[in-house]
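Student: Listed here are the chains, written in short residue letters.
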Amino acid sequence: MHKYGKFAILIAIIVGALLWLATAGIGSSQTYYKTISELQKMGSTASARTVRVGGDIQANSIVRQGSVVKFNLVQDSRVLPVMYDGRDPLPDTFKDGAQALAGGRMGADGVFHASEVQAKCASKYAPKPGAAPDQLQKKAAEAVRSSL
Amino acid sequence: MENVGALSLILAFCISLYAVIASIVGKVKRRPFLALSGERAVLAVWVLVSTAVGILLYALMTGDFHLAYVASHTDRAQPLFYKFAAWWGGQEGSLLLWSWLLATYAAVVVITNRKRNRALLPWVVAVISSVQFFFLILNAFVASPFQVLASDHVIVSVPDGMGLNPLLQYWAMVIHPPFLYLGYVGFTVPFAFAMGSLITRAPGESWIHTTRRWTLVTWMFQSIGICLGSGWAYHVLGWGGYWMWDPVENASLLPWLSGTAFLHSVMMQEKKGMMKVWNMVLIAATFFLAIFGTTLTRTGLVSSVHAFAESPIKTYFVSFLGIGIAATVWLILDRLDYLKSEAELESVVSRESSFLFNNLILLASCFAVLWGTLFPVITEKFGSEKISLGPEWFDRLMVPIGLFLLFLTGVGPLFAWRRTSMESLRKNFMWPGLGMLIVAAALFAGGMHNPYSIISLGFCFFVAATIFMEFFRGAHAISEKTKVGFVPAVIELTHRNTRRYGGYLVHMGVVLMFIGFSGAPFDQKAIGEVPKGGSMQVGAYTLKVVDMTESEKPDYVEDTAILQVFKNGRDLGTLEPARRFYKAQQQATAEVGLRPRLNEDLYINYAASQGGKATLQAYVKPLVNWIWIGAVVLVFGTLIALVPSKVARSYPRTEVVGIAKKNAPVEA
Numbered sequence: 001m002h003k004y005g006k007f008a009i010l011i012a013i014i015v016g017a018l019l020w021l022a023t024a025g026i027g028s029s030q031t032y033y034k035t036i037s038e039l040q041k042m043g044s045t046a047s048a049r050t051v052r053v054g055g056d057i058q059a060n061s062i063v064r065q066g067s068v069v070k071f072n073l074v075q076d077s078r079v080l081p082v083m084y085d086g087r088d089p090l091p092d093t094f095k096d097g098a099q100a101l102a103g104g105r106m107g108a109d110g111v112f113h114a115s116e117v118q119a120k121c122a123s124k125y126a127p128k129p130g131a132a133p134d135q136l137q138k139k140a141a142e143a144v145r146s147s148l
Numbered sequence: 001m002e003n004v005g006a007l008s009l010i011l012a013f014c015i016s017l018y019a020v021i022a023s024i025v026g027k028v029k030r031r032p033f034l035a036l037s038g039e040r041a042v043l044a045v046w047v048l049v050s051t052a053v054g055i056l057l058y059a060l061m062t063g064d065f066h067l068a069y070v071a072s073h074t075d076r077a078q079p080l081f082y083k084f085a086a087w088w089g090g091q092e093g094s095l096l097l098w099s100w101l102l103a104t105y106a107a108v109v110v111i112t113n114r115k116r117n118r119a120l121l122p123w124v125v126a127v128i129s130s131v132q133f134f135f136l137i138l139n140a141f142v143a144s145p146f147q148v149l150a151s152d153h154v155i156v157s158v159p160d161g162m163g164l165n166p167l168l169q170y171w172a173m174v175i176h177p178p179f180l181y182l183g184y185v186g187f188t189v190p191f192a193f194a195m196g197s198l199i200t201r202a203p204g205e206s207w208i209h210t211t212r213r214w215t216l217v218t219w220m221f222q223s224i225g226i227c228l229g230s231g232w233a234y235h236v237l238g239w240g241g242y243w244m245w246d247p248v249e250n251a252s253l254l255p256w257l258s259g260t261a262f263l264h265s266v267m268m269q270e271k272k273g274m275m276k277v278w279n280m281v282l283i284a285a286t287f288f289l290a291i292f293g294t295t296l297t298r299t300g301l302v303s304s305v306h307a308f309a310e311s312p313i314k315t316y317f318v319s320f321l322g323i324g325i326a327a328t329v330w331l332i333l334d335r336l337d338y339l340k341s342e343a344e345l346e347s348v349v350s351r352e353s354s355f356l357f358n359n360l361i362l363l364a365s366c367f368a369v370l371w372g373t374l375f376p377v378i379t380e381k382f383g384s385e386k387i388s389l390g391p392e393w394f395d396r397l398m399v400p401i402g403l404f405l406l407f408l409t410g411v412g413p414l415f416a417w418r419r420t421s422m423e424s425l426r427k428n429f430m431w432p433g434l435g436m437l438i439v440a441a442a443l444f445a446g447g448m449h450n451p452y453s454i455i456s457l458g459f460c461f462f463v464a465a466t467i468f469m470e471f472f473r474g475a476h477a478i479s480e481k482t483k484v485g486f487v488p489a490v491i492e493l494t495h496r497n498t499r500r501y502g503g504y505l506v507h508m509g510v511v512l513m514f515i516g517f518s519g520a521p522f523d524q525k526a527i528g529e530v531p532k533g534g535s536m537q538v539g540a541y542t543l544k545v546v547d548m549t550e551s552e553k554p555d556y557v558e559d560t561a562i563l564q565v566f567k568n569g570r571d572l573g574t575l576e577p578a579r580r581f582y583k584a585q586q587q588a589t590a591e592v593g594l595r596p597r598l599n600e601d602l603y604i605n606y607a608a609s610q611g612g613k614a615t616l617q618a619y620v621k622p623l624v625n626w627i628w629i630g631a632v633v634l635v636f637g638t639l640i641a642l643v644p645s646k647v648a649r650s651y652p653r654t655e656v657v658g659i660a661k662k663n664a665p666v667e668a
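Each protein sequence line maps, in turn, to chains A and B.
Okay, so the first sequence: first residue is 1 according to our numbering, each after it adds one.
Okay, so the second sequence: first residue is 1 according to our numbering, each after it adds one.
Keep in mind that the hints were calculated from the coordinates and are not lab data.
The structure displayed is predicted, hence computed values, not measured ones.
Treat the hints loosely; a few may be bogus.
Once the Cα atoms are required to be at most 30 Å apart in a straight line, the calculated DSBU-like pairs of lysine-lysine come out as [as the list claims (entries may be wrong)]:
hint	chain 1	residue 1	chain 2	residue 2
1	A	95	B	553
2	A	70	B	525
3	B	427	B	646
4	B	340	A	6
5	B	613	A	95
6	B	115	B	646
7	B	583	A	70
8	B	276	A	6
9	B	525	B	271
10	B	646	B	276
11	A	41	A	6
In silico contact screen, one side only, chain B against chain A (beta carbon under 7 Å); selected entries [stated by the list, open to error]:
hint	residue
12	348
13	383
14	385
15	389
16	390
17	392
18	393
19	607
20	608
21	609
22	615
Note that the Cβ used here is the ideal one computed from N, Cα and C, for glycine as well.
Input sequences plus hints: build the corresponding full structure.
Tutor: Below, the structure written as structure tokens:
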């Protein structure tokens, strides 16, 4: 079994190297997803690590101060104030009512300091089940009313 | 009209079920006419699904706004081209596209196999029709594109639709989904033939020969689809990148990786009768990864910037995957004896061994991508927290894997079958190897200190050199012998064995793409808020804002920044990055200002205009264009490999040695 031994060693080296690569780097690239209520319950431990938190952008809450953007995220009627450092311009989809995902750390002041913000358009590309039809339903209802 | 569409989908659903049952019963009970009716049923399904597609397209093109799908994905101002593209702009339509492509493939299989593979065909039809049946459940009952808008039980129509997502209104994005789907769906056919051959214990490798072209064409479509998606991300999204290990991107890559492994490992079976179980596993894995990819993009299993909705069809997909995988695993385990290898590995430095490692690495990368993509799902299910892995994790793992694969691309084809002599190693690899070291040393001396880029470019040189040597040697021999010029000799050489030399061209495409990837560590980026008349600096470029204008079109408002570009003080003309705001969708998109060159791209995104200042994101991206050039070469090589060879080749098996021979059945 001499030649199979060689194969076994080579394969073991390759697989081992890959496993090492996969596990050694895992800590720094992990991001935790939290809901707003979980984040607010965590208290001081929350500021220790990078998390991502999602929610809807509260209407009229977006305030721009130079490159810094402040806004509120809402999820299940809980509100989280967010301050984005503005290292990149915000995506096109970032606007009132859109779903947003903010990545960063919780500050001791109760404000979430985001270093990245992703936003999904609330109504298009990804209609939530029922969401787009609802809007259309409304339009349809208006059409009926106006035709009567 | 929509009733006819919905009805034809329901009929197609019934008939596809009939096709499954008729084929199986006809085959098992030896009733050839019943089995034949199963084949006819496949054609009927195609006609019915096509009818539904025709009706949907007609509704989309004419703006029949009492259909929910039409109203959600088109509007009146939209160009006709994008109205057509709205077919796959949403959930219901894309699932219908899947179904239609499958029905079309199935019809082609039935028509081209009227006189071939007769014993196998009922099973092939049964497998394909089962998949068709599953998708028709979705089309007809779960995600029907023919839902009408109603208010208080009255069917109504809206005056205008909501329009196609403007981000999708770009030529590459319009053709990207069909290509990707042509790839996804196409793997169903080789899978069906593999299963058919497994079920009937068909002797030999007929399923591989029959489906070689299918697999290659499918693989090509998928490569095109992935590259188009990547090109779209680069040219339209305005973030200056082409790949970020997003779940949806990964979904398209997974079956491509396993499909690539399959394309290589079937050669082992064709030439040596080895790796039979492995090939079954690979084609099945590829098929299920394609379904999984559809699941991922269509059901919001993992949250993604592509943001497809959570949807009830997840359950259907997960069940289908579960049942399908269980059945396949059982079938393979039950018939392991039929899949016995006819030869064994002899040397680490051999063609067999290079295929083995190629497969190991491709599969490992496939598994890594799958693991990373599903990590949030896994940690949520089996741990308390939902954790995602960032692009750094993927890069860390996939860059070394990619480089190792690149290396194998160079050495693999030149290793001899069974074992390679020192003599041949020296002859084939001495000059490319030395050249590689010189290139790497020169790059290092020239100030490049990123190890991965140096290794990558060194390997690129190495692989390119081996490929050129292969062409040169072959063509030289021909031109000596037949006294023709060198160029005709190259063409003659390629024509004699299109598989081999087409394959080399595909490898060359991969090399060019890696040259493009190697530029990534040297990207430069700058963000500036520049007033009219002001300027900003990125790398060696100076961007001067000459003017900011606004113009109005029927479906959008466009803000344009007119920039004068200087490089080291030399005037390079103007670039005009713009932002569009689409009225119907209330959404903004970027029209990137791009100055593409072979050495580097200058890439400018006009992110916003505030208080008379233009916010500009500027990137200098070295070598990016080689990725797109490489993709074109890769597709060209695949097309060459599809041309029949001039010299009809039968591949005689090399001599069977060792244990396998003793156990091999004595042929009567």
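Student: Hint by hint, say whether it matches the structure.
Tutor: Checked hints:
Our distance criterion of 30 Å between C-alpha atoms is met by residue 95 of chain A and residue 553 of chain B, whose separation comes to about 23 Å. Simply put, residue 70 of chain A and residue 525 of chain B have alpha-carbon atoms about 25 Å apart, close enough for the 30 Å limit, and the pair holds. At roughly 28 Å between alpha-carbon atoms, residue 427 of chain B and residue 646 of chain B fall within 30 Å of each other, so this suggested pair holds. A distance of roughly 23 Å separates the Cα atoms of residue 340 of chain B and residue 6 of chain A; the hinted pair therefore holds under the 30 Å criterion.
With a CA separation close to 20 Å, the supplied pair residue 613 of chain B and residue 95 of chain A stays within the 30 Å bound. Proposed proximity of residue 115 of chain B and residue 646 of chain B is supported: the alpha carbons are some 24 Å apart, at most 30 Å. A hinted pair counts as satisfied when its Cα atoms are at most 30 Å apart, and residue 583 of chain B with residue 70 of chain A qualifies at roughly 26 Å. For a cut-off of 30 Å, the pair hint linking residue 276 of chain B to residue 6 of chain A stands: about 22 Å separates their Cα positions.
With a C-alpha separation of about 51 Å, the suggested pair residue 525 of chain B and residue 271 of chain B falls outside the 30 Å cut-off, and the hint is violated. Taking the CA atoms of residue 646 of chain B and residue 276 of chain B, the gap is near 29 Å; set against the 30 Å cutoff, the hint holds. The hinted pair formed by residue 41 of chain A and residue 6 of chain A fails the criterion: a straight-line CA distance of about 55 Å is larger than 30 Å. The criterion of a C-beta within 7 Å of any C-beta in chain A is met by residue 348 of chain B, whose closest approach is roughly 5 Å, and the hint holds.
Proximity of residue 383 of chain B to chain A is violated relative to the hint, the smallest CB-CB distance being about 11 Å (cut-off 7 Å). At its closest, the beta carbon of residue 385 of chain B sits 6 Å from a beta carbon of chain A; the interface hint therefore holds under the 7 Å criterion. Of the supplied interface hints, the one on residue 389 of chain B holds, with its beta-carbon coming within about 5 Å of a beta-carbon of chain A, less than 7 Å. The beta carbon of residue 390 of chain B comes within 4 Å of a beta carbon in chain A, closer than 7 Å, and the hint placing it at the interface holds.
At about 4 Å, the closest approach between the beta carbon of residue 392 of chain B and any beta carbon in chain A falls short of 7 Å, and the interface hint on this residue holds. For the restraint placing residue 393 of chain B at the interface with chain A, the shortest Cβ-Cβ distance is roughly 4 Å, inside the 7 Å limit, so the hint holds. About 4 Å separates the beta-carbon of residue 607 of chain B from the nearest beta-carbon of chain A, less than 7 Å, and the hint is met. Annotation: interface hint on residue 608 of chain B holds; nearest CB of chain A at approximately 6 Å, less than 7 Å.
The restraint placing residue 609 of chain B at the interface with chain A is violated, with a minimum CB-CB distance near 11 Å, outside the 7 Å limit. For residue 615 of chain B, the interface hint holds, since its Cβ comes within 7 Å of a Cβ in chain A; the closest pair sits about 5 Å apart.
Violation of the numbered hints given earlier is confined to hints 9, 11, 13 and 21; the remaining hints are satisfied by the structure.
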